[in-house]
Each structure stands twice: as C-alpha cells, then as structure tokens.
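J.: Those protein sequences? They're chains A and B, same order as listed. Quick note: the first sequence uses this note's numbering, first residue 1, plus one each step. Quick note: the second sequence uses this note's numbering, first residue 1, plus one each step.
The hints are simulated quantities; they were obtained by calculation from the structure and are not laboratory data. Note that CB positions come from ideal geometry on N, CA and C, so glycine has one too. Incorrect hints may appear among the rest.
Computed beta-carbon distance windows for the label pairs [said to hold, decoys possible]:
| hint | chain 1 | residue 1 | chain 2 | residue 2 | range |
| --- | --- | --- | --- | --- | --- |
| 1 | B | Gly49 | A | Leu29 | 42 to 52 Å |
| 2 | B | Thr70 | A | Lys78 | 17 to 27 Å |
| 3 | A | Asn69 | B | Arg28 | 11 to 21 Å |
| 4 | B | Gly30 | A | Val71 | 38 to 48 Å |
| 5 | A | Val71 | B | Glu53 | 17 to 27 Å |
| 6 | B | Asp32 | A | Asp74 | 34 to 44 Å |
Protein chains: 2
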Amino acid sequence: MARVVVDVMLKPEILDPQGQAVQRALPRLGFDGISDVRQGKRFELEVDGPVDEAALARIHELAESFLANTVIEDFTVKVEEVAEAAK
Amino acid sequence: MARVVVDVMLKPEILDPQGQAVQRALPRLGFDGISDVRQGKRFELEVDGPVDEAALARIHELAESFLANTVIEDFTVKVEEVAEAAK
Numbered sequence: 001m002a003r004v005v006v007d008v009m010l011k012p013e014i015l016d017p018q019g020q021a022v023q024r025a026l027p028r029l030g031f032d033g034i035s036d037v038r039q040g041k042r043f044e045l046e047v048d049g050p051v052d053e054a055a056l057a058r059i060h061e062l063a064e065s066f067l068a069n070t071v072i073e074d075f076t077v078k079v080e081e082v083a084e085a086a087k
Numbered sequence: 001m002a003r004v005v006v007d008v009m010l011k012p013e014i015l016d017p018q019g020q021a022v023q024r025a026l027p028r029l030g031f032d033g034i035s036d037v038r039q040g041k042r043f044e045l046e047v048d049g050p051v052d053e054a055a056l057a058r059i060h061e062l063a064e065s066f067l068a069n070t071v072i073e074d075f076t077v078k079v080e081e082v083a084e085a086a087k
C-alpha cells in the first residue's frame with residue numbers, strides 16, 4: 001500500500017480571498033515578512049496494490065476530473081512512500 | 001524570496017467526513033483500489049528574505065498558533081525552492 005498526495009491550488013491568476021485573509025491577518029498577529037499566502041487543498045489517497053504507471057495515470061485522471069476544477073485550479077500528483085510495517 | 005509550504009491535516013484519529021465523501025464517491029465514478037482518502041489544507045507562504053532557522057521557527061509558531069488547530073490537526077512545514085529569475 002502506498003500513499004499518493006494530490007495538491008490542488010488555485011491558478012496564480014485567480015484571486016484567492018482565503019489566502020489574502022490569512023496574509024492580511026499576519027502582521028496584526030505579529031508575523032512580518034510574508035508577502036503572499038495561497039490556500040489550497042491536499043488529498044491523501046491510500047492506494048491498494050502497486051503504484052505503477054497505470055495506477056498513477058488513473059489517479060491523474062481522477063484528480064483532473066473530480067478533485068480539481070481545472071478551469072480555476074492546478075493540481076500535482078506525488079507518490080509518498082509509506083512505511084510498510086505489515087509486509 | 002522562497003516558498004514555504006504548510007500542510008495541515010486532521011489527526012489520524014479524527015473522523016474526516018470530507019475525505020470519506022470523496023472515498024465513497026470514487027467507485028461510483030469508476031475509480032477502484034483507493035482504500036482511504038483524507039482531505040486537508042495546504043498553505044503556500046512567500047517569505048521575504050532568507051529562510052534561515054529563525055524564519056522557520058517563526059513560521060512553525062505561526063502554523064501552530066494560527067493555521068492549524070492542534071487539538072484536532074497535525075501540520076508539517078517544508079521549504080520549497082523557488083526559481084529566482086529576478087536575482
């Protein structure tokens with residue numbers, strides 16, 4: 001079993017009010033030196049079986065069609081190794 | 001300028017209804033072999049100046065006190081290198 005992470009972020013040209021709200025609050029809370037904040041989503045998928053090219057292609061399709069709105073969002077798919085204590 | 005990424009996920013023992021909804025929808029949409037889905041938040045912070053230990057410590061504090069609810073959420077802080085074309 002392996003973990004695949006799909007990160008979904010608003011495209012750079014799309015306004016991100018959530019991120020802006022965080023960024024504007026930071027100086028008030030005593031944190032300076034952060035010029036921009038973008039907020040997005042992170043999905044951790046536990047995949048049964050091997051994460052081969054076919055599996056990754058399916059997850060890419062899944063992310064594109066279902067997890068991200070590709071009109072306004074970009075996504076990345078990454079494989080994260082998982083300690084396989086049970087094997 | 002560098003980018004620091006803060007990932008905030010619900011702790012493993014906390015129920016994640018958003019992730020469960022995604023996981024349950026997948027077979028219906030034709031995607032099998034995903035045994036679990038967890039959904040969390042990803043913050044991308046653009047940091048002015050060098051990301052040294054002091055800056056990372058401050059971002060860690062920021063994440064702990066402001067971006068994550070540490071009663072129910074875990075977070076990780078990662079530095080992502082940024083192509084510095086302007087330098």
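J.: Would you mind marking each hint as holding or not holding in the structure?
T.: Hint by hint, here is what the structure shows:
no. : hint                           : result
1   : B/Gly49 to A/Leu29: 42 to 52 Å : 19 Å, violated
2   : B/Thr70 to A/Lys78: 17 to 27 Å : 25 Å, holds
3   : A/Asn69 to B/Arg28: 11 to 21 Å : 19 Å, holds
4   : B/Gly30 to A/Val71: 38 to 48 Å : 22 Å, violated
5   : A/Val71 to B/Glu53: 17 to 27 Å : 40 Å, violated
6   : B/Asp32 to A/Asp74: 34 to 44 Å : 26 Å, violated
The structure does not agree with the numbered hints 1, 4, 5, 6 stated previously, though it agrees with the rest.
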